[in-house]
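There are 4 protein chains.
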Amino acid sequence: MKVIVDVAIIPLGVGLSLSKYVAECEKIFKDAGLKSTLHANGTNIEGEWDEVFNAIKKCHEQLHQMGVPRISTNVRIGTRTDREQTMEEKIKSVQEKIL
Amino acid sequence: MKVIVDVAIIPLGVGLSLSKYVAECEKIFKDAGLKSTLHANGTNIEGEWDEVFNAIKKCHEQLHQMGVPRISTNVRIGTRTDREQTMEEKIKSVQEKIL
Amino acid sequence: MKVIVDVAIIPLGVGLSLSKYVAECEKIFKDAGLKSTLHANGTNIEGEWDEVFNAIKKCHEQLHQMGVPRISTNVRIGTRTDREQTMEEKIKSVQEKIL
Amino acid sequence: MKVIVDVAIIPLGVGLSLSKYVAECEKIFKDAGLKSTLHANGTNIEGEWDEVFNAIKKCHEQLHQMGVPRISTNVRIGTRTDREQTMEEKIKSVQEKIL
Numbered sequence: 001m002k003v004i005v006d007v008a009i010i011p012l013g014v015g016l017s018l019s020k021y022v023a024e025c026e027k028i029f030k031d032a033g034l035k036s037t038l039h040a041n042g043t044n045i046e047g048e049w050d051e052v053f054n055a056i057k058k059c060h061e062q063l064h065q066m067g068v069p070r071i072s073t074n075v076r077i078g079t080r081t082d083r084e085q086t087m088e089e090k091i092k093s094v095q096e097k098i099l
Numbered sequence: 001m002k003v004i005v006d007v008a009i010i011p012l013g014v015g016l017s018l019s020k021y022v023a024e025c026e027k028i029f030k031d032a033g034l035k036s037t038l039h040a041n042g043t044n045i046e047g048e049w050d051e052v053f054n055a056i057k058k059c060h061e062q063l064h065q066m067g068v069p070r071i072s073t074n075v076r077i078g079t080r081t082d083r084e085q086t087m088e089e090k091i092k093s094v095q096e097k098i099l
Numbered sequence: 001m002k003v004i005v006d007v008a009i010i011p012l013g014v015g016l017s018l019s020k021y022v023a024e025c026e027k028i029f030k031d032a033g034l035k036s037t038l039h040a041n042g043t044n045i046e047g048e049w050d051e052v053f054n055a056i057k058k059c060h061e062q063l064h065q066m067g068v069p070r071i072s073t074n075v076r077i078g079t080r081t082d083r084e085q086t087m088e089e090k091i092k093s094v095q096e097k098i099l
Numbered sequence: 001m002k003v004i005v006d007v008a009i010i011p012l013g014v015g016l017s018l019s020k021y022v023a024e025c026e027k028i029f030k031d032a033g034l035k036s037t038l039h040a041n042g043t044n045i046e047g048e049w050d051e052v053f054n055a056i057k058k059c060h061e062q063l064h065q066m067g068v069p070r071i072s073t074n075v076r077i078g079t080r081t082d083r084e085q086t087m088e089e090k091i092k093s094v095q096e097k098i099l
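Chains as they are written, first to last, in full-length UniProt numbering: chain A, 1 to 99; chain B, 1 to 99; chain C, 1 to 99; chain D, 1 to 99.
Wrong hints could be hidden among the right ones.
As the list makes no split between identical chains, a pair holds if one copy fits it or if it spans any two.
Restricting the straight-line Cα-Cα distance to at most 30 angstroms, the calculated cross-link-like pairs of lysine-lysine (DSBU-like) are [to be verified]: (1) LYS30 - LYS20; (2) LYS20 - LYS97; (3) LYS97 - LYS57.
Source of the hints: derived by calculation from the structure; they are not laboratory data.
Please construct the entire structure, taking both the sequences and the accompanying hints into account.
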């Protein structure tokens, strides 16, 4: 089942500078061969459900191994059967209606 | 890896009364043997990562089979290695500090 | 405009025990005269849009005053014009379909 | 109080094509003079708390006026007092650590 998600991973108990942990997750998504786009409040990912959620799980496991004692993650998940739609098409369909 | 999640599953394209679909997901969580608590904006679930996310995936699959063409889900995920904490303990630790 | 929200407020940079900060927010909701219910991953609140979001803003201001340097909050917001529905009615409409 | 949010607004009861409603919200953010960036699962916005949340409220009001009977929105909210950080700086601080 194809899925488009938006994942925001927040490490707790390791101070205020979280970017190195977010960068670690970006590498995990890339290594998993997933199409992902970083934005200011999370990362959009497109792929098969199991591959996407295995990668998110791996982020939690990896950050815990890096010494992060607690993690709070928020994920937006979208699936549809009416038609295939890519992340770019979602954005384009909105932008066309703004101009 | 143990996880506590809060999942809000929103079926799209099937009108405004969503409760029968939410009820279907509650049955899936119960059938999976997961500890879950329904609240006004989602369902809190406690269990092993794979079992919890397999159940959420099954909700998407089941709702699509019921004819829901598009689903938008929001999940809050918490994992920690510093100590074990149940859903009840999370609530109790706050309530004790309110009184 | 009436709204039902589910707010999860996560203080960053103050260690792992977050309950005293969550308790502080519970007091702010109560002092604002808002109907709120604590659950394991957030707090459900029912009320007028401005009162609810003023209270959430006050939580951020108050926690920053308590020394929290960074806050990450997730809010689920529901509004509807087809009919009035309370938090209890939302839960009841699902529970009736589970049995 | 400065805030960076990520808002995903989902109209219910108006079929599956949601882009015209998302486009309406993009216009509201632009008209409010807010710095906003559309992405595949929401819109990142940077500004003063009251201006940002007034604009989100206006989106709900406007969509209801367009005939949307029910709306479900998810918002990620970030505030910090340790330092000023723009949306671009958040992204850059991660990208630097990926290469």
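Results for each hint:
1. Taking the shortest Cα distances, LYS30 and LYS20 sit within 30 angstroms of each other inside one copy (15 angstroms), while across copies they are farther apart (32 angstroms).
2. Proximity of LYS20 to LYS97 under the C-alpha cut-off of 30 angstroms is restricted to the inter-copy arrangement: shortest distance 6 angstroms between copies versus 37 angstroms within a copy.
3. In the homo-oligomer, the alpha carbons of LYS97 and LYS57 lie at most 30 angstroms apart only across protomers (21 angstroms), although the nearest pairing inside one protomer, at 37 angstroms, exceeds that limit.
Checked against the numbered hints given earlier, this structure breaks none of them.
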